[in-house]
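**Q** Put chain D on the given structure of chain W with help from the hints.
There are 2 protein chains.
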Amino acid sequence: MTTIKDVAKLSGVSMSTVSRVMNAPESVRADKREKVEKAIRELRYYPNALARGLISKRTETLGVLIPDVSNPYVSEVIRGMEDAAHSLGSNLILCNTDRNQERMINYLKVLKEKQVDGIIYTSEPFTADFHKLFEEFNMPVVLASTQSIEYEIPSVKINDEKAGYDAGMYLIRKGHYKIGMISGPIEDPIAGYTRYSGFKKAMSEILPMETIDAWIEFGSYRYEDGYEAMKRLYKKQPEVTAVFVASDEMALGAISYLHQIGISVPEEVSVLGFDNTKIAKMCIPKLTTIGQPMYDIGQKAVFKLEALLNSEELDELRSYLDHTIVERDSVKELSRKLYSNW
Amino acid sequence: MTTIKDVAKLSGVSMSTVSRVMNAPESVRADKREKVEKAIRELRYYPNALARGLISKRTETLGVLIPDVSNPYVSEVIRGMEDAAHSLGSNLILCNTDRNQERMINYLKVLKEKQVDGIIYTSEPFTADFHKLFEEFNMPVVLASTQSIEYEIPSVKINDEKAGYDAGMYLIRKGHYKIGMISGPIEDPIAGYTRYSGFKKAMSEILPMETIDAWIEFGSYRYEDGYEAMKRLYKKQPEVTAVFVASDEMALGAISYLHQIGISVPEEVSVLGFDNTKIAKMCIPKLTTIGQPMYDIGQKAVFKLEALLNSEELDELRSYLDHTIVERDSVKELSRKLYSNW
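Residue numbers (full-length UniProt numbering), protein chains in the order written: chain W, 1 to 342; chain D, 1 to 342.
Chain W on its own, in the form it takes in the complex (with noise of 0.2 Å):
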């Protein structure tokens, strides 16, 4: 392999000349410089970067722990984040934790060994637990799509409240006052409780507060909760003309239910999703959905990283995203008519 010596022997220079070369290319001669960089050329001399990070102790690498990148949700913000992180010389380790702390563990002695500059956590609850280990383990996190009310730590994500509240205005404008819910667990304080609080909020506004909670089912994001979901509210509420869903997925189990039911999406019933990942707008009807800025979320975090690696101050801790209302087909308005007789 060829060494820093071989390229100091070939341009007639010293070593520490070649170092300079490299990292502060200004503080050399010109001509000394032009020297070694055509001895870098011919060598094909690859600076490197284990022996680099053992000095500089910065590796351009980051952590990031996420449930699973085969989620769209999460291969989104993934995509804002790897680009983010390209942009500033780094790279990312890519670590699936499946939700499981072992794993989650064993992921983090290994990105410790590798001497990681930083982790960005991802969509997942920081649980006191996590904290401390991220404490003993003394490296540098970023949440993305999640946050931690209890501890200082920088975090990105949208305002999920704020958006659980405008999806249940959104289908009150819309004439709906039948509207349910198809809200994540209530244990899950990231988009669960949020979204489903925010909803009850908007709800209230039309109708007594005891009453809400009947017109709310619950399921954990997936196709299949939806489905099941939607199965159960309806045989309760089989008047209900709208129904908010806290994901696309559940959203698309939840019109699956009603199709083969034979009830048509969004002319007898109206589907409001949550996420705009990119299976919305490739199903029918075309899924009117909460969208969230997965890739600005994932590319806010990793400059967030950077920022705090650095030690530059943050403009903020706890980053909220702008949540948009991206309308396609699957929420229909109903009639004033329809509307006044209530």
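Be a bit skeptical, because a hint or two may be false.
Intra- or inter-copy, both count: the list cannot distinguish identical chains.
Unchecked claim - Below, a list of computed lysine-lysine pairs in the DSSO-like style, where the Cα atoms sit at most 30 Å apart:
1. Lys109 - Lys32
2. Lys200 - Lys236
3. Lys178 - Lys235
4. Lys35 - Lys9
5. Lys38 - Lys112
6. Lys132 - Lys9
7. Lys281 - Lys231
8. Lys109 - Lys5
9. Lys38 - Lys109
10. Lys235 - Lys162
11. Lys132 - Lys5
12. Lys35 - Lys132
13. Lys286 - Lys132
14. Lys231 - Lys200
15. Lys235 - Lys281
Hints in this document: simulated from the structure, not taken from any laboratory.
**A** Leaving out everything else, chain D in the frame of chain W:
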């Protein structure tokens, strides 16, 4: 930072004994070993993977070059890769090339600097230019979901020509004979030309070879391509009763066009997809499709690279995994009566 020296000091043994405890514990007397392990725990000593990489010449890190992690096909292949790497104690560095050669060269340089043990190149045709690059960088490479016929490079994929043939024969067996295809680009030697020629071979068993091309349109695997290609195909061949589409995404685009002009799938036109990505079972109608073992392709590619790195003999240079036909709701069997009319 804690070093091996600190561990040696606290446990009262030499540094070489500490090193042996970490690398060949069976060669160290039990009492000494326990002392060292205790010191490692107490000091929270994490062996320095960078320093170890300089000695062992292995970093237990693999580079993965993919077109785009947010593509649902790619993200399932990566999931298989990452699980395999994890089981071998390795990690993946993720690189989105966007099919951009400059970006790819840039990644290769960085991966070389970081001294990854090897590279998995995924999903894109492996050209002579790329081959030259990999030769120059002198890095072990395995191809996943692609292959090289000209060069002797290990690869894992399905037999796409056979899959195209099986797709055509499946529709024929279902009683169809007015069968169209939406193919990938014919210039794509991996998933384009192969599936196209396999399909033509099947059709040639019931039709004169020269008539078949009139029933084939092309697109670049995307939803929008499928929509546009279906529009062209339907205008040319309004009698079509079944279409084989070379990706699930394009199949959904084709279904969207048919739905828009009031033609129902599968009652009037059957649609057979390709890949069996997660979306295939979430849409209406659920897609009948040629299933690729995406996870297994990723997993096997990593195991192959590991064998290469260990200088084991490969059982085969180019591996072909089995595809399957996943029957759901988008293909209808035509009655024998209709079939015998022909």
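**Q** Could you place Lys109 and Lys5 in one of the four classes (within, between, both, neither) given a Cα distance threshold of 30 Å?
**A** Answer is between: at 20 Å across copies they meet the 30 Å cutoff, but 34 Å inside does not.
**Q** For Lys235 and Lys162, with the copy left unspecified, which applies at a CA distance of at most 30 Å: within, between, both, or neither?
**A** So Lys235 and Lys162 pass the 30 Å test inside one copy only (29 Å; across, 47 Å).
**Q** Is the C-alpha distance from Lys35 to Lys132 at most 30 Å within one copy, between copies, in both cases, or in neither?
**A** Between. Shortest inter-copy distance 26 Å satisfies the 30 Å Cα cut-off; intra-copy 52 Å does not.
**Q** Can you give me the call for Lys200 and Lys236, within, between, both or neither, at a CA distance of at most 30 Å?
**A** Only inside one copy: Lys200 and Lys236 sit 18 Å apart there, 53 Å across copies, limit 30 Å.
**Q** Please sort Lys109 with Lys32 into within, between, both or neither, judging by C-alpha distance up to 30 Å.
**A** So Lys109 and Lys32 pass the 30 Å test across copies only (24 Å; inside, 43 Å).
**Q** Using 30 Å as the alpha-carbon threshold, which applies to Lys35 and Lys9: within, between, both, or neither?
**A** within (11 Å within a copy, 47 Å between copies)
**Q** I want to check one pair: Lys132 and Lys5. Are their C-alpha atoms no more than 30 Å apart within a copy, between two copies, both, or neither?
**A** Only across copies: Lys132 and Lys5 sit 27 Å apart there, 45 Å inside one copy, limit 30 Å.
**Q** I want to check one pair: Lys132 and Lys9. Are their C-alpha atoms no more than 30 Å apart within a copy, between two copies, both, or neither?
**A** Result: close only across copies, 28 Å inter versus 50 Å intra.
**Q** State whether the alpha carbon distance between Lys281 and Lys231 is at most 30 Å within one copy, between copies, both, or neither.
**A** both (24 Å within a copy, 18 Å between copies)
**Q** Are the CA atoms of Lys286 and Lys132 at most 30 Å apart within a copy, between copies, both, or neither?
**A** neither (44 Å within a copy, 45 Å between copies)
**Q** With identical chains treated as interchangeable, where does the CA-CA distance between Lys178 and Lys235 reach 30 Å or less: within a copy, between copies, both, or neither?
**A** within (14 Å within a copy, 43 Å between copies)
**Q** Since the copies are identical, ignore which copy is meant and state whether Lys38 and Lys109 lie within 30 Å (CA to CA) inside a copy, between copies, both or neither.
**A** This pair counts as between: shortest inter-copy Cα distance 17 Å, intra-copy 41 Å.
In summary, the structure is inconsistent with hint 13 from the numbered list given earlier, while agreeing with all the others.
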